[in-house]
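Protein chains in written order, with the working numbering: chain A, 76 to 329; chain B, 107 to 177.
Hint data in this document are derived by calculation from the structure and do not stem from the laboratory. Since this is a predicted model, take the numbers as computed values, not measurements. Possibly wrong hints are sitting among the right ones.
Unchecked claim - Calculated lysine to any residue pairs in the SDA-like style (CA-CA distance at most 25 Å, straight line):
#, chain 1, residue 1, chain 2, residue 2
1, A, Lys101, B, Gly153
2, A, Lys246, A, Ile309
3, A, Lys101, B, Ser159
4, A, Lys101, B, Asn147
5, A, Lys101, B, Ser140
6, A, Lys246, A, Gln280
7, A, Lys145, B, Ser140
8, A, Lys246, A, Thr90
9, A, Lys246, A, Thr190
10, A, Lys145, B, Gly127
11, A, Lys145, B, Ser161
Residues per chain are reported as follows:
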Amino acid sequence: MTYFLLFYSSIDNVTVTCFNPISWEKRTILVAPLYEVNGYNLTVDNTLRQTDEDFNFVLTFDTIINLPMKNVTIDIDFKNGVNATYLEDFHDTIVLPMQYSDSLSYSTQGSYNVTYTLTNPISTVTLVQSVRVWDNLLSTTLSCLSTCDVVVCAETQLTFAFINTPRSGFKFSIDFKDGTVISDVGDAIMFDVNNLTTFNHTYTQAGTYNVTWYVENGEYNVSGQYTVIAQRRIVDFQVSHCFACLYYKRGSYV
Amino acid sequence: MFTSMHLQAWVDHPSMYLAVGDYYHFEASAADGSDVTLVFNLQDVPGGNVTVSISNGQLFTSLDTFYTFTG
Chain A
76 MTYFLLFYSS IDNVTVTCFN PISWEKRTIL VAPLYEVNGY NLTVDNTLRQ
126 TDEDFNFVLT FDTIINLPMK NVTIDIDFKN GVNATYLEDF HDTIVLPMQY
176 SDSLSYSTQG SYNVTYTLTN PISTVTLVQS VRVWDNLLST TLSCLSTCDV
226 VVCAETQLTF AFINTPRSGF KFSIDFKDGT VISDVGDAIM FDVNNLTTFN
276 HTYTQAGTYN VTWYVENGEY NVSGQYTVIA QRRIVDFQVS HCFACLYYKR
326 GSYV
Chain B
107 MFTSMHLQAW VDHPSMYLAV GDYYHFEASA ADGSDVTLVF NLQDVPGGNV
157 TVSISNGQLF TSLDTFYTFT G
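With the rest of the complex left out, here is chain B (with noise of 0.2 Å):
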């Protein structure tokens, strides 16, 4: 069975160009959902996966991370 979440994400900055070197923060959100993993593949470097979880049967609301683009 299909649940929609209204899963929504962004980054917080006002222009979708971001500075490699400068730290910018992700963020997702949903009206619903539980055990909620977050896996932030931002790239292709050691360190470009993070992880973000909520388990225990915790309702997710929001997550986030920060992350660095390194090039």
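Bound-form chain A, shown alone (with noise of 0.2 Å):
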């Protein structure tokens, strides 16, 4: 009689032996049953931020899971050249929840699809964070600089400016309502940060113009108007002296 003896250890090993009445052989095999990467909940603490704030993003694994499930690999890339790696052995006696916290700002705006890869040696799971950062734009608007304010004299250059703007840049349109329309309505404006100055506009015709104008990046948007009366200038005013002239001629001199 031969006799294989196959056991499953918690090290792993699988031993083979054999016997018989006048013989017995032992092999082992190594093998290392596991789970696939499970109980994991990526979660951060705001989806939307302006840029330089921070977001907070956790990783957790859970207290109830399914062990071991040998080395994980965590690979991390927030889509702004930054990346960071974690790995741990998840074996059978490892201490839950486990945790991975990552704090992180984005120097320009626009939308980050932020992704987890974890990697165990049987399995690969990819997680999606998506987030969002867009400066605030609500605060910000259109101001005349000129010293004319709402009543001004044609002719006359006048200077306007968006105010309270934030540290990014912005799509923008002012529209003067004389034909004269300033904007930059493309993308690329809102990928760099805010260096818009001041706008000048001279009006020929006296008139009453309601300025508008808007504001928005990929998150705000803000409108407003603006009124502005341009008067011109009361040039060669003169006084005719005809009744005089008159009044000489009938008194004095006719």
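Two chains, two frames, a set of hints: combine them into the complex.
Quick look at the structure:
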């Protein structure tokens, strides 16, 4: 009679032992039964931030998960050129919950799909957390910096500027309602710092102009109106002295 | 008297890492031996022991079993 004994031990070895009345042999098979990556949960404290404000990403492995998962590699791509990697041995007796926290800010506006790739020897899981980075525009408004203020002189150059602007750029449009529109509505302006200065405009005709403007980025938009009353200067004003001429003609000279 | 059977044993899988819940093929072979009994003691759980045997003087060449680890 020959016996083969094969048993699985907690240290991952399978030993095969062969018995019979006249001989025996033993072999070892190295195996490592394990679970696929499980029990994870990815959160972020807020999905919308302004530039240079921190997002707090937390990857948690729950208290009750299937173990072992062996060596789990956590590769994080924050999609702004920053990456992070963790390596953890999720053995049978690891203390749970296990958390991996990362705080990160973005210097450029936009939407980012942060990816966490969890890999162990038998599985790969990809988690995606979308976050948005847009500076708050709600306080931004168009202001006239010229001294004439609301009632202005035609032919005088007026200077406008956006005030209370955020750090990053934004799309904008200003319609002076005399046929002149100044705008930049391309997306590129949003992905740089705000470098708008002032806008000069001169009305040539008298009238009331309801200047309209708007600003927007990927999250916020604000519009407004600014009334400008342009008047032409009184030029070559003269008072006729015909009455005096008549008086003198009738009284003295006629 | 000791007689070598040139035992070999392996799992039919390219990696040592085995997924709990999947079936795996465990095999053993030898060059010689008769009336062979294989006891696969895979886990200390019900069903974790698998016995395979050859009796009546038959010559053993190979025996196998399929097993799923339950964690």
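Hint check results:
| no. | hint | verdict |
| --- | --- | --- |
| 1 | Lys101(A) x Gly153(B) | holds (23 Å) |
| 2 | Lys246(A) x Ile309(A) | violated (40 Å) |
| 3 | Lys101(A) x Ser159(B) | holds (17 Å) |
| 4 | Lys101(A) x Asn147(B) | holds (14 Å) |
| 5 | Lys101(A) x Ser140(B) | holds (17 Å) |
| 6 | Lys246(A) x Gln280(A) | violated (29 Å) |
| 7 | Lys145(A) x Ser140(B) | violated (40 Å) |
| 8 | Lys246(A) x Thr90(A) | violated (70 Å) |
| 9 | Lys246(A) x Thr190(A) | violated (29 Å) |
| 10 | Lys145(A) x Gly127(B) | holds (16 Å) |
| 11 | Lys145(A) x Ser161(B) | violated (41 Å) |
In terms of the numbered hints stated before, the structure departs from hints 2, 6, 7, 8, 9 and 11, listed from lowest to highest.
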